[in-house]
Amino acid sequence: MANRLDHDYDYLFKIVLIGDSGVGKSNILSRFTRNEFSLDSKSTIGVEFATKTLQVEGKTVKAQIWDTAGQERYRAITSAYYRGAVGAFLVYDITKKQTFENVQRWLRELRDHADSNIVVMLAGNKSDLNHLRVVSTEEAKVMAEKEGLSFLETSALESVNIDKAFHTILKEIFHIVSKKALAAQEAASMSGRRIQGTTINVADSSTNTNKSCCST
Amino acid sequence: MEEKKRTDEFEAGTAPPSRLNNREERRVQKWRKMIGTGGSDWKYYVRRKPNVVKRRIRKGIPDCLRGLVWQLISGSRDLLLMNPGVYEQLVIYETSASELDIIRDISRTFPSHVFFQQRHGPGQRSLYNVLKAYSVYDRDVGYVQGMGFLAGLLLLYMSEEDAFWLLVALLKGAVHAPMEGLYQAGLPLVQQYLFQFEQLVKEHLPKLGRHFDEEMINPSMYASQWFITVFSYSFPFPLALRIWDVFLYEGVKIVFQIGLALLSSCHDNLMKLSFEKLIHALRNFPDEAMNPDSLLPNAFSIKLSKRLIELEKQYNDRNGVSSHKQVKQPRLSRKAS
Ligand SMILES: Nc1nc2c(ncn2[C@@H]2O[C@H](COP(=O)(O)OP(=O)(O)O)[C@@H](O)[C@H]2O)c(=O)[nH]1
Ligand SMILES: [Mg+2]
Numbered sequence: 001m002a003n004r005l006d007h008d009y010d011y012l013f014k015i016v017l018i019g020d021s022g023v024g025k026s027n028i029l030s031r032f033t034r035n036e037f038s039l040d041s042k043s044t045i046g047v048e049f050a051t052k053t054l055q056v057e058g059k060t061v062k063a064q065i066w067d068t069a070g071q072e073r074y075r076a077i078t079s080a081y082y083r084g085a086v087g088a089f090l091v092y093d094i095t096k097k098q099t100f101e102n103v104q105r106w107l108r109e110l111r112d113h114a115d116s117n118i119v120v121m122l123a124g125n126k127s128d129l130n131h132l133r134v135v136s137t138e139e140a141k142v143m144a145e146k147e148g149l150s151f152l153e154t155s156a157l158e159s160v161n162i163d164k165a166f167h168t169i170l171k172e173i174f175h176i177v178s179k180k181a182l183a184a185q186e187a188a189s190m191s192g193r194r195i196q197g198t199t200i201n202v203a204d205s206s207t208n209t210n211k212s213c214c215s216t
Numbered sequence: 001m002e003e004k005k006r007t008d009e010f011e012a013g014t015a016p017p018s019r020l021n022n023r024e025e026r027r028v029q030k031w032r033k034m035i036g037t038g039g040s041d042w043k044y045y046v047r048r049k050p051n052v053v054k055r056r057i058r059k060g061i062p063d064c065l066r067g068l069v070w071q072l073i074s075g076s077r078d079l080l081l082m083n084p085g086v087y088e089q090l091v092i093y094e095t096s097a098s099e100l101d102i103i104r105d106i107s108r109t110f111p112s113h114v115f116f117q118q119r120h121g122p123g124q125r126s127l128y129n130v131l132k133a134y135s136v137y138d139r140d141v142g143y144v145q146g147m148g149f150l151a152g153l154l155l156l157y158m159s160e161e162d163a164f165w166l167l168v169a170l171l172k173g174a175v176h177a178p179m180e181g182l183y184q185a186g187l188p189l190v191q192q193y194l195f196q197f198e199q200l201v202k203e204h205l206p207k208l209g210r211h212f213d214e215e216m217i218n219p220s221m222y223a224s225q226w227f228i229t230v231f232s233y234s235f236p237f238p239l240a241l242r243i244w245d246v247f248l249y250e251g252v253k254i255v256f257q258i259g260l261a262l263l264s265s266c267h268d269n270l271m272k273l274s275f276e277k278l279i280h281a282l283r284n285f286p287d288e289a290m291n292p293d294s295l296l297p298n299a300f301s302i303k304l305s306k307r308l309i310e311l312e313k314q315y316n317d318r319n320g321v322s323s324h325k326q327v328k329q330p331r332l333s334r335k336a337s
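In order, the protein sequences belong to chains A and B. Just so we're aligned: the first sequence equals residues 1 to 216 in full-length UniProt numbering. Just so we're aligned: the second sequence equals residues 1 to 337 in full-length UniProt numbering.
Just chain A, with the same shape it has in the complex (with noise of 0.2 Å):
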């Protein structure tokens, strides 16, 4: 974004926030955001957008996060919100069958349109109404561990896991990117910043170094 000069944050993660109509993805944003959930809020047409800033192992991190309308239809306008996002949080509703079913919809829809790499949180929401569940938590849990995917169950109406979750996910990517920043470090130090002379982060590379000299 053009704000770069003036940011007031260390990492930008794009999310976006996708699963069937209906499962809760605008009020887990707005619990999220602005701590509000509604009984009767509007259906999301389109795109809608929040941010929020955020403290990850020390660093700012600004969440920059896209709710998306979730019928099948608009997915002709929203899976060009998926480019450039490094997580996805996607979410079914554990008292609706069918939206724990269309997982495996998303995720290809997923593949075809996102990173590879994009970090993806699973999220059951409203856990709150357990009498009513029919997706267990134990096959949302394989699921989850069969795809590869962090896993939590939600409740945007009683503000369950929803900053739990969020903070998972932002912590994962975190992980990732800086990683690979550390990796983009060390290639600049190996290919000769050292027979300059250059001692720039050696103190607190110089473990790592080892360390990625072995693993590798």
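Hints in this document: simulated from the structure, not taken from any laboratory. Note that the coordinates shown come from a computational prediction; the quantities given were computed from them, not determined experimentally. Yeah, the Cβ is synthetic: ideal placement off N, Cα and C, and Gly gets one too. Some hints could be false.
[To be verified] Cβ pair distances, simulated, as ranges:
# : chain 1 : residue 1 : chain 2 : residue 2 : range
1 : B       : Asn298    : A       : Lys52     : 34 to 40 Å
2 : B       : Gly186    : A       : Ser41     : 22 to 28 Å
3 : A       : Thr60     : B       : Pro286    : 29 to 35 Å
4 : B       : Glu25     : A       : Lys52     : 52 to 58 Å
5 : B       : Lys43     : A       : Gly84     : 50 to 56 Å
6 : A       : Glu36     : B       : Lys313    : 44 to 50 Å
7 : B       : Lys306    : A       : Ala181    : 49 to 55 Å
8 : B       : Asp63     : A       : Arg83     : 44 to 50 Å
[What the hints assert, rightly or not] Derived BS3-like pairs (lysine-lysine); straight-line CA-CA distance at most 25 Å:
#  : chain 1 : residue 1 : chain 2 : residue 2
9  : A       : Lys171    : A       : Lys146
10 : B       : Lys272    : A       : Lys14
11 : B       : Lys277    : A       : Lys62
12 : A       : Lys52     : B       : Lys277
13 : B       : Lys30     : B       : Lys43
Given the coordinates of chain A, work out where chain B with the ligands should sit on it, guided by the hints.
Using the frame of chain A, we list chain B with the ligands on its own:
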């Protein structure tokens, strides 16, 4: 027409009945004369004095006559008369694959409007019926989110059956070009409108257009709802209604004009904002900017007809669409199967 339908959180700006002065009464009288009893003189009047009609509509249709006039100018009244019993057939005897999708969205359509607030109340039931009927009437399109806001707005001014036929008139194109492409697979008309709008912003507001480019703002981020729901999704009702008066008579051009007029009225402020604040501002225009009495005249002064056609052609050439409108004929007198 039930009065309770119109009382709404957004209605604060309209004139209370006590201020309904002589001038207003004379205006209604003129309109009544123009329409004739039950709309009997309308067609004659429009043919003889189309510009008088246009001018009067641009000033706003009197609220007490709005429902009737909307049906006359949209061509939906004719559809209703040509298809007796069809609506009932669609509502009562047919089943739709979209029923659950529709139900899921009913309470999420104008949730803060009294007419639609009551769960399973008359407002919600009518809304369900109209949407279900349409999803059966055109099974290819079915039900798509956004339609509810069109149907909802219409239901504030007319019966279910009338609202249904007005929806048909709009989407199948009784008077103007069909708008079903807003809801067909791939949302082709939304994509076309967004392309046209982006070009128009660059041409009419070049500085702002460049600023948007630099900030990586494109119209799909803020204007999709304008087109998909014709400003009914999130704009104050008094403004939405005035836009609909013109929209039904003159066509979709007014949506582009209003969009440009809005951007233009906030131009200097928008120029100062960066990405995030821009998106916020483009979704929350200040009240002054949304005053119909200044916004509409500004919108009318923007001349677009020719350019819109050129841009449509340009879009279709680019996308290899050869005037699909001729290919797909509106099926206006289709009977329920
Ligand atoms: N009980 C319960 N209802 C929820 C929860 N989250 C959302 N809802 C409700 O589910 C419906 C759909 O929510 P919405 O956020 O619009 O879903 P979206 O279509 O995925 O954006 C609304 O009526 C919400 O009030 C939740 O955690 N618990
Ligand atoms: Mg939503």
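Hint check results:
The given range of 34 to 40 Å is respected by Asn298 (chain B) and Lys52 (chain A), whose C-beta atoms sit roughly 36 Å from each other. The hint said 22 to 28 Å for the Cβ distance between Gly186 (chain B) and Ser41 (chain A), and at roughly 27 Å that hint holds. Distance hint check for Thr60 (chain A) and Pro286 (chain B): the Cβ-Cβ separation is about 31 Å, which falls inside the suggested range of 29 to 35 Å. Under the hint 52 to 58 Å, the C-beta atoms of Glu25 (chain B) and Lys52 (chain A), about 54 Å apart, fit the expected range.
Between Lys43 (chain B) and Gly84 (chain A) the beta carbons are some 54 Å apart, a value that agrees with the proposed interval 50 to 56 Å. Between Glu36 (chain A) and Lys313 (chain B) the beta carbon distance is about 45 Å. The supplied range of 44 to 50 Å therefore holds. At about 53 Å, the beta-carbon gap between Lys306 (chain B) and Ala181 (chain A) stays in the expected band of 49 to 55 Å. In this structure, Asp63 (chain B) and Arg83 (chain A) meet the distance hint of 44 to 50 Å, their C-beta atoms being roughly 46 Å apart.
A distance of roughly 21 Å separates the Cα atoms of Lys171 (chain A) and Lys146 (chain A); the hinted pair therefore holds under the 25 Å criterion. A hinted pair counts as satisfied when its Cα atoms are at most 25 Å apart, and Lys272 (chain B) with Lys14 (chain A) qualifies at roughly 23 Å. At most 25 Å may separate the alpha-carbon atoms for a hinted pair to count; Lys277 (chain B) and Lys62 (chain A) meet this at roughly 14 Å. Among the hinted pairs, Lys52 (chain A) with Lys277 (chain B) is consistent with the structure: their alpha-carbon atoms are about 13 Å apart, no more than 25 Å.
Simply put, Lys30 (chain B) and Lys43 (chain B) have alpha-carbon atoms about 16 Å apart, close enough for the 25 Å limit, and the pair holds.
When each numbered hint is compared with the structure, no violation occurs for any of them.
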